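Undergrad: For reference, the chains in residue letters:
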Amino acid sequence: MRFRNPLVSFMFWTAIGLLYLPLVYLVFQAFLENPNDWRGGFTLKWLIKLFDSPALWEPLLNSVEIGVLSATLAISLGTLGAVGLSNISAFLPPVIQTLIILPILVPEVITGLSLLLFFLLCRFDLGFLTVVVAHASFSASFVYFIMVEQLRKLDPQMGEAAQDLGAKPSEVFWKVTLPNIIPGIMGGWLLAFTLSFDDFLISFFTSGAGLTTLPLKIYSLMRIGISPELNGLSFVMICISTCLVLLLISKEQSRKWVLKG
Amino acid sequence: MKTTQYLPSSAWAFLIWLITMTLLPFTIILGMSFLERTELGTILFSFSLRNYQQLLDWVYLKVLVKTVWLALMATLSCLAIGFPVAYYLARVQGTMKSLGLILLFIPFWTNFILRIYGIVSLFGSNGILNQLLMFLGLPKASILYTRWGVYFGLVYNYLPFLVVPIYSSLEKLDPFLREAAFDLGATRFQTFRKVILPNIKEGLFIGSIFVFIPMLGEYVIPDLLGGAKEAFLGKVMVEQFFILQDWPLGSAIATMLSVLLLAALWLQNRWTSKGLAHAI
Amino acid sequence: MLLNLEAVTKNFGGFQLHPLTLSIERGEFFSLLGPSGCGKTTVLRLIGGFESPTSGRIILNGQDITSLPPHRRNIHTVFQRYALFPHLTVFENIAFPLRLKKMAASEICSRVTECLKLVEIEDLKDRRTHQISGGQAQRTALARALVAKPDLLLLDEPLSALDPELRMKMREELKTICKKVGITFLLVTHDQEEALQLSDRIAVFKAGQCLQVGTPKAIYEDPVDTFVARFIGSVNEIAGELQGEPSPETGELALASNAGNFKIKKNGHPLPRQVSVILRPEKMRLLRSKSTTQENLMEGEIQDQTYLGSRTEYSVKIGNSTFKVFEQELERLKKRRLNTGDRVFLAWRSDDAIVLPQQTV
Chain A
172 MRFRNPLVSF
182 MFWTAIGLLY
192 LPLVYLVFQA
202 FLENPNDWRG
212 GFTLKWLIKL
222 FDSPALWEPL
232 LNSVEIGVLS
242 ATLAISLGTL
252 GAVGLSNISA
262 FLPPVIQTLI
272 ILPILVPEVI
282 TGLSLLLFFL
292 LCRFDLGFLT
302 VVVAHASFSA
312 SFVYFIMVEQ
322 LRKLDPQMGE
332 AAQDLGAKPS
342 EVFWKVTLPN
352 IIPGIMGGWL
362 LAFTLSFDDF
372 LISFFTSGAG
382 LTTLPLKIYS
392 LMRIGISPEL
402 NGLSFVMICI
412 STCLVLLLIS
422 KEQSRKWVLK
432 G
Chain B
32 MKTTQYLPSS
42 AWAFLIWLIT
52 MTLLPFTIIL
62 GMSFLERTEL
72 GTILFSFSLR
82 NYQQLLDWVY
92 LKVLVKTVWL
102 ALMATLSCLA
112 IGFPVAYYLA
122 RVQGTMKSLG
132 LILLFIPFWT
142 NFILRIYGIV
152 SLFGSNGILN
162 QLLMFLGLPK
172 ASILYTRWGV
182 YFGLVYNYLP
192 FLVVPIYSSL
202 EKLDPFLREA
212 AFDLGATRFQ
222 TFRKVILPNI
232 KEGLFIGSIF
242 VFIPMLGEYV
252 IPDLLGGAKE
262 AFLGKVMVEQ
272 FFILQDWPLG
282 SAIATMLSVL
292 LLAALWLQNR
302 WTSKGLAHAI
Chain C
30 MLLNLEAVTK
40 NFGGFQLHPL
50 TLSIERGEFF
60 SLLGPSGCGK
70 TTVLRLIGGF
80 ESPTSGRIIL
90 NGQDITSLPP
100 HRRNIHTVFQ
110 RYALFPHLTV
120 FENIAFPLRL
130 KKMAASEICS
140 RVTECLKLVE
150 IEDLKDRRTH
160 QISGGQAQRT
170 ALARALVAKP
180 DLLLLDEPLS
190 ALDPELRMKM
200 REELKTICKK
210 VGITFLLVTH
220 DQEEALQLSD
230 RIAVFKAGQC
240 LQVGTPKAIY
250 EDPVDTFVAR
260 FIGSVNEIAG
270 ELQGEPSPET
280 GELALASNAG
290 NFKIKKNGHP
300 LPRQVSVILR
310 PEKMRLLRSK
320 STTQENLMEG
330 EIQDQTYLGS
340 RTEYSVKIGN
350 STFKVFEQEL
360 ERLKKRRLNT
370 GDRVFLAWRS
380 DDAIVLPQQT
390 V
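Protein chains in written order, with the working numbering: chain A, 172 to 432; chain B, 32 to 311; chain C, 30 to 390.
Rather than coming from a laboratory, the hints here were simulated on the basis of the structure.
Don't take every hint at face value.
A short, non-exhaustive set of chain A residues, derived as facing chain B with CB atoms under 7 Å [what the hints assert, rightly or not]:
hint	residue
1	Val179
2	Ser180
3	Met182
4	Ile187
5	Val254
6	Pro278
7	Ser308
8	Pro386
9	Ser405
Result set (DSS-like, lysine-lysine): computed pairs, CA atoms no more than 27 Å apart in a straight line [to be verified]:
hint	chain 1	residue 1	chain 2	residue 2
10	A	Lys339	C	Lys130
11	B	Lys128	A	Lys324
12	C	Lys198	C	Lys178
13	C	Lys353	A	Lys339
14	C	Lys131	A	Lys346
15	A	Lys324	C	Lys154
16	C	Lys146	C	Lys178
17	C	Lys312	C	Lys346
18	B	Lys260	B	Lys97
19	C	Lys312	C	Lys294
20	A	Lys346	C	Lys346
21	C	Lys246	C	Lys146
22	C	Lys353	C	Lys363
23	A	Lys346	C	Lys209
24	C	Lys319	C	Lys292
25	C	Lys364	C	Lys353
26	C	Lys130	A	Lys346
27	A	Lys324	B	Lys203
28	C	Lys130	C	Lys154
29	C	Lys154	C	Lys198
30	A	Lys422	B	Lys128
31	B	Lys171	B	Lys260
32	A	Lys339	A	Lys324
33	A	Lys339	C	Lys178
34	A	Lys422	B	Lys203
35	C	Lys154	C	Lys209
36	C	Lys208	C	Lys198
37	B	Lys128	B	Lys225
38	C	Lys131	A	Lys339
39	C	Lys294	C	Lys208
40	A	Lys422	A	Lys324
Treat the numbers as computed from the prediction; the structure is a model and nothing was measured.
Ideal Cβ positions, reconstructed from N, Cα and C, are used throughout, including at glycine.
Bound conformation, chain A alone (with noise of 0.2 Å):
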């Protein structure tokens, strides 16, 4: 159907084009000789020289790593808790269902001042560790909402035609649960991972003194001022933030989370 109001499709493109505006800009900033003055041409050499440099692959890896942990660890205990609930989730108590979309709702600075209290309460070192822990906090509960809908859409008589067909509960899980909702596990996966990968505000919080990320190393540039590094490592942040999030985008199980901000 074409859309017939012009007014209204002419503010919806302006509203989309004001918000790529200042991400286009960035990725041109990149390539230019003088990060300061536009007129002064192009150049690659400082993405050239950012790629010799530690400054883009210590945050970039510690990034990676922090995203591959917290999200394996977030995609077990989602699943565990949506396997464990998904028949019984429409009767939860308020209590419980809150607690489990506190996560999402919160803001989160009050998340990651939390946590942080929490952890220095329990006396633990910042760093590492307690990034990935705090990460997996909050993309938990985005798995158990994919999770759940995932089994939901599975056969509910599946699971008695198994038991009715010879197999064990074990069975059941491992045989024919498990592998029908290996999409699911890909697609929340990728979520808990994106969400870690683009954090930055928690990461700031739990992460102590020593551990840069990649949004904590752009993040202490920009405290600096305008430099051919900043605007370099921002073009690498786009490239890779844009791709996880058409890849998320291409898996139908995520998109729909994606598509809700």
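Assemble chains B and C onto chain A, guided by the hints.
TA: Relative to chain A, chains B and C alone:
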């Protein structure tokens, strides 16, 4: 006999995780907000409401009023921009719809810091806006490090969070509602005012609240775009923890924001009479 | 006996299964028939082990299986929506129970192939379950439940999701397969025609109670009450009062009703005075004019007629009630055309009437 019921212990692993990693930290914040602290920053384990009283102090009230005002303006702007965006997405069909949705959401899944940095690059003193103004021989505009910077940052970052609830409440409307209204002789404007708007006003309100409350607690945007002088509730809260070492007071602000959020959640639950799973 | 239910009951929510005692013989095709919510599916789930009875015992092959979980019972089920495993191919779906038994690969292959042949889907064996049609899924589910040679095969409304033409075809095949494999089939259905066509014996259920167990013919021709009579086939009913005693020579008895006075025969059961007389439409003849026969005659007028191809269904209004009657096409063409409002006569033999105690519901 349900397939998965033999593994209820698995649900416990998840629930215990949530209790330790979500509930416990929040309880710590809540508990902390009732404690006192000495001049030197050590925490005294005695129950007091001093922190909440302190929030009623003129210094903090002024911050609160300023923050609420700014967040309110930003929310209304999000509403004004977000409504046509959501309306377009809800009405358009086919490929344009999915393309529109994807286009809208890609920027918001790119890193938050990058989005802020994008704004800094655009509006900064050497940003493209000012370079353009200089090129045209006009005076520099200083948007960054003022409250306008914070305002733009808030609108830019929170827009999709408002588009989503408006979009989904518009989607839920029966498409024939419009046709029925036209059929009964309503003009387009009347249809909008008398048919569409009354049916989605709850969605608009709840959506706005869920944007407004997190805005109050925003730390990075006022920190990076607002400059040193601009006081903002979220920034004040974080500074209590990191700079002023007054954890109890910071916790009191965090508790206040959380309570507001839970109240909104409760309100939404009452209104929509659906499970919480539908809230997101 | 293969399967014995001994006073099995089940209570849950508002539903109650009355004590049910039932025996099913080896090799039999047995049906549980009744409207939805009558408890027939509950009985199936009790036998399958998906529910446990509130009281009573379930005996399979002389062994008490009441408390065995489903996977320890040698009973397999064809589910209503087939419940095929979407992550497996047709072949692997069928092989599933054999793989669980850790059977040798060659044995599995030959058993599955045999089953694929039996249900005529050899060429589909490598397809995924979403790549096959409803009828093919049905066959796969059947093969999967048969492959491990269970003592008893349960079928939960297996044909209800198929379109009518396919359903007819599958009925034929189910019957053939049952006889070929020699496995006992227990079918749950709400379709009386299906039950009549397939079963050796039928149990009719209503509101948690088994009303009658018998061969299709017995249930059709000698229902225990008006519910069973109404549920199976279509009926015309005359409510009336028995007059006097049966005559010694013919055994006939007078009945007074709104539609007139008739002669009927009792069929053994003791009856109260107030009775319902059930007349199957095919046991009544439609006459254009009054004839002198020994049969009972009722006069009425044509209210409506529906042309059904091979036959025509007439609604005849007699007194306050409407009677349905059929006329075969061959018969109809020989005779005068009937129009709405025409006076006609319905004739029936006292032997063909089913006389039952009157029931309010």
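Undergrad: Now, for every hint given, state plainly whether the structure supports it.
TA: To see whether the hints hold, each was checked on the structure:
no.: 1; hint: Val179; verdict: holds, 5 Å
no.: 2; hint: Ser180; verdict: holds, 6 Å
no.: 3; hint: Met182; verdict: holds, 4 Å
no.: 4; hint: Ile187; verdict: holds, 5 Å
no.: 5; hint: Val254; verdict: holds, 5 Å
no.: 6; hint: Pro278; verdict: holds, 4 Å
no.: 7; hint: Ser308; verdict: holds, 4 Å
no.: 8; hint: Pro386; verdict: holds, 5 Å
no.: 9; hint: Ser405; verdict: holds, 6 Å
no.: 10; hint: Lys339/A <-> Lys130/C; verdict: holds, 11 Å
no.: 11; hint: Lys128/B <-> Lys324/A; verdict: holds, 25 Å
no.: 12; hint: Lys198/C <-> Lys178/C; verdict: holds, 24 Å
no.: 13; hint: Lys353/C <-> Lys339/A; verdict: violated, 54 Å
no.: 14; hint: Lys131/C <-> Lys346/A; verdict: holds, 14 Å
no.: 15; hint: Lys324/A <-> Lys154/C; verdict: holds, 25 Å
no.: 16; hint: Lys146/C <-> Lys178/C; verdict: holds, 15 Å
no.: 17; hint: Lys312/C <-> Lys346/C; verdict: holds, 17 Å
no.: 18; hint: Lys260/B <-> Lys97/B; verdict: holds, 13 Å
no.: 19; hint: Lys312/C <-> Lys294/C; verdict: holds, 15 Å
no.: 20; hint: Lys346/A <-> Lys346/C; verdict: violated, 63 Å
no.: 21; hint: Lys246/C <-> Lys146/C; verdict: violated, 33 Å
no.: 22; hint: Lys353/C <-> Lys363/C; verdict: holds, 21 Å
no.: 23; hint: Lys346/A <-> Lys209/C; verdict: violated, 31 Å
no.: 24; hint: Lys319/C <-> Lys292/C; verdict: holds, 17 Å
no.: 25; hint: Lys364/C <-> Lys353/C; verdict: holds, 19 Å
no.: 26; hint: Lys130/C <-> Lys346/A; verdict: holds, 13 Å
no.: 27; hint: Lys324/A <-> Lys203/B; verdict: holds, 21 Å
no.: 28; hint: Lys130/C <-> Lys154/C; verdict: holds, 21 Å
no.: 29; hint: Lys154/C <-> Lys198/C; verdict: holds, 21 Å
no.: 30; hint: Lys422/A <-> Lys128/B; verdict: holds, 18 Å
no.: 31; hint: Lys171/B <-> Lys260/B; verdict: holds, 20 Å
no.: 32; hint: Lys339/A <-> Lys324/A; verdict: holds, 22 Å
no.: 33; hint: Lys339/A <-> Lys178/C; verdict: holds, 18 Å
no.: 34; hint: Lys422/A <-> Lys203/B; verdict: holds, 24 Å
no.: 35; hint: Lys154/C <-> Lys209/C; verdict: holds, 22 Å
no.: 36; hint: Lys208/C <-> Lys198/C; verdict: holds, 16 Å
no.: 37; hint: Lys128/B <-> Lys225/B; verdict: holds, 26 Å
no.: 38; hint: Lys131/C <-> Lys339/A; verdict: holds, 13 Å
no.: 39; hint: Lys294/C <-> Lys208/C; verdict: violated, 38 Å
no.: 40; hint: Lys422/A <-> Lys324/A; verdict: holds, 16 Å
Of the numbered hints listed earlier, those contradicted by the structure are 13, 20, 21, 23, 39.
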